[in-house]
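S.K.: Just so you know, the protein sequences line up as chains E and S, in that order. For the first sequence, the tail end lands on 1192 under our numbering, and the numbers increase by one without skipping. For the second sequence, the tail end lands on 310 under our numbering, and the numbers increase by one without skipping.
What the hints contain is simulated information worked out from the structure, not anything from laboratory work. Keep in mind that a hint or two might mislead.
[To be verified] To give an idea of the chain S side of the interface with chain E (calculated C-beta under 8 Å), a few residues:
1. H145
2. N234
3. T236
[What the hints assert, rightly or not] Taking lysine to aspartate or glutamate and the EDC-like style, the derived pairs with C-alpha atoms no more than 16 Å apart in a straight line are:
4. E:K1114 with S:E143
5. E:K1115 with S:D272
6. E:K1140 with S:E143
7. E:K1079 with E:D1034
Using N, Cα and C, we set each Cβ at its ideal position, and we do this for glycine too.
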Amino acid sequence: MRAPGAATKTRYAPLIGLAASALGTLLLMATGPVSGADATGADLRKELKGVAFRIVYETLRDGNWELVLVNADGSNPVNLTRTPQVHELYPQASPDGTKICFSADEGEGASKVRNVYWMNLDGTGRTLVAKNARQACWSPDGKAIAYLGGEFDRFTYCDFATRGIFIHDLATGKRREHPNNDIHHLYNICWSPDGKWFLATVHAGMGFKHAILAIEADGLKVFNLKIPGCRPDVGPDGKRVGWGASDWTLRAGDLDCSGPTPTVVNHRDLVTSKKPIKVYHSDWSPDGKYMTFSHGPSTKRLGFAPEMVGVPAEGWNICVADASAKDRWVAITTDGACNKEPDWVPPRKAGP
Amino acid sequence: MKAPHDERTTVGSWALAVLAAVLPSSCDRIEESAPLPPTVMTKSGIEMVVIPAGWFEMGGAGGRDDEAPVHRVWVDAFLMDRCEITQRHYGKLVLGNPSHFKGPDHPAEQVSWADAAWYCNKRSRAEGLQPCYNEETAECHFDNEGYRLPTEAEWEYACRAGTQSDRHVGPDPRRLASCAWYKANAGKTTRPVATRKPNPWGLYDTYGNVAEWCNDVYEKGYYGESPARNPTGPTDGERYVLRGGAWNSGPDTCRSAFRTGEDPGFQDACFSRDAIGFRCVRRAPADGGRQPVEKADEASAGSAQP
């Protein structure tokens, strides 16, 4: 399989096949800096050389989506997948840094489907978690994977076309559904470090127009966090949340789930951008000091947005920001090869 | 942008069109008394009104600055969806209902301009028609036979339906409730389409329910420079035209001449404006709509003469 889908393949083939890398690089050069306005990119890059964590992300290589693992400064890229028949997307590293769960677009035409798998960090041991599923994340103890069910039998890139949260137990292979059977139209779920909450975006579902929600992991309560935007990510201490406040702003706030109603206060911008450069897909580093994100141009093209999983995004790159400052960031990829959905990979923990 | 065509559609392409009287739809719930332009049922099962060619006075003398000057505009014949696109019809071509207020016969909302244009192309392909929009550039090819969003002039001409007052039901805002779901009567939600009275040409919900995307870029001073025949709007700009007002609009917004602009939401995955929807238009058949219809009222501006 060489392209994300029949229709998309037709539309994007000329760009993907011939010009993705070159055009992406040109777009990057033409439209965006490689470091934040206030950053000394070289200093931050040097700082990142000493960071033990790595980053895994989705990237489009020769018409096929792959997962690539890099050091925090972008050095030593390793293609973890190399599967021309399958598009691997949306990687999420396990808390112990030994495994990755991800989405995989498989098949063509009417048989095309998005499934969820996990594999070892070196790319071995690929194991199916669920068919017609997407946007998985790990439980804090690394023993389970939560994912969203697909809303339709037919394939779509539409990010909110989901129904239900399901939890897959790695040890038993058994699946259970979240007790709230009204869950639908969620995307980008993440599991809080204390295991008590899912945070997710909802679009046109569950009675909401568009919102970032806190959902009880084992209960029925759902709260609107009342923060504008999408794609929340809870920090490693469970007390901070980062999200995309708009296409052009990544924001952080203090998350308090201890009271009767979860709240987010003390909002602060971490990364700001200007049209047409979008910033998306923020993810906290395991020590909470950095945030990785993706960064690239929007276009006047019709169709699915480039920030959606598996949608080509020419000129997009992976960046790392200092989470204690505003607009101190650096791009750690520069090829513009549709690099998106970065996730930090903790150092592998020693076994028992 | 290319100028709208006027007469290339073949009769053959309409072979599958059936008069609405033969195939009733959700748009037929209210009985009209005035003579109506003919309607056709498309392959997609959506009823369209054949809007006749004609001249009209575009803009509003007593309205906002962007409605002036009132100027005479010619519009070629075209077909326009009788109703706003419903969630039922949107869902036939697009997986994932983006609408906040759910209901198969409610209008689709939270649809960006880009999504609406994309829908037009999908609908064209579904019916074997040549799409109007270049999906890489969003450019509209008016000569193509497929579906597109109405130009601002087409929208106002169709909404006025030969009338010249603020609203096609007359200037008194108290009459608005008869033909529109708006702030005073909608109950903070959209309503099923075609459940208020249509305009004199049989179009439903031209005021209220959801504001409707037009194809044109919005520019406040455009009327001072727009061409007299088939204007297609400025060539570029940040915002696109919305017309007609919505469920949350007051009576001043629900006027034929009212115009505003909105971010078109190109590739905006989080577009969440639940008062915005659309309806589609396409070229009229070569033998359809060429003769201007009778004036709908004494104040009509519709005319066959330039």
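S.K.: Determine which of the earlier numbered hints do not hold for this structure and return their numbers in increasing order.
M.R.: 1, 2, 3, 4
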